[in-house]
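Numbering of the sequence shown is given in our numbering, commencing with residue 11 and proceeding in unit increments.
Hints in this document: simulated from the structure, not taken from any laboratory. The structure displayed is predicted, hence computed values, not measured ones. No residue lacks a Cβ here, since even glycine has one placed at the ideal position from N, Cα and C. Where hints are given, some of them may not hold.
What the hints assert, rightly or not - Here are the in silico distance ranges between beta carbons for each label pair: (1) Y106 - R136: 17 to 25 Å; (2) C60 - V145: 30 to 38 Å; (3) A150 - G117: 26 to 34 Å.
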Amino acid sequence: MSSFNRSVSFKQRAANVGSPRFSRKTWGSRMFRALITIGSLFSFFLAIGCGYVYVLPNLTLAFHNNESRFSNTNSSTSACDVFNGNWVLDDSYPLYNASDCPFVEQGFNCLANGRMDDDYLKWRWRPKNCDIPKVNVQRALEALRNKRVVFVGDSMSRTQWSL
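Generate the whole structure from the sequences, applying the supplied hints.
Take a look at the structure:
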């Protein structure tokens, strides 16, 4: 019976955390798993970063060159806030005739439906502390040439106003 106890205690000692056989195997596998995890994370973030720069260069420029679009007309300490401003009368408006546009629904064409005045068409939004330039239509159309354009939440769609 005493020899049986010795063999049991020997097996327990071999499987003990402090034994060399146990710690070498687990240390190596833990290190291997850690290297695989770190390498995978590094590769993932590298692929995402390269994809962001390569696939979406126009979007990158749009986010990083946002300050150059609006010119500050007042002091340099105040920031341009497009949501804070006033409606101003602009005689260069309207930019198009809604009666000639086939995409405007009949119910929303005020002039064709008998409205006499057109003063409501000459108002434009002017943000405080900045001047937003008019859209260069030729440049916008060139940028969108051979691209697919999707209007999400288009206010001209029939389902927007249906009950």
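Hints, verified against the model:
1. Y106 - R136: 17 to 25 Å: holds (20 Å)
2. C60 - V145: 30 to 38 Å: Holds: the Cβ-Cβ distance is about 32 Å, inside 30 to 38 Å.
3. A150 - G117: 26 to 34 Å: Since the Cβ atoms of A150 and G117 sit about 28 Å apart, the hinted range of 26 to 34 Å holds.
The structure shown violates none of the earlier numbered hints.
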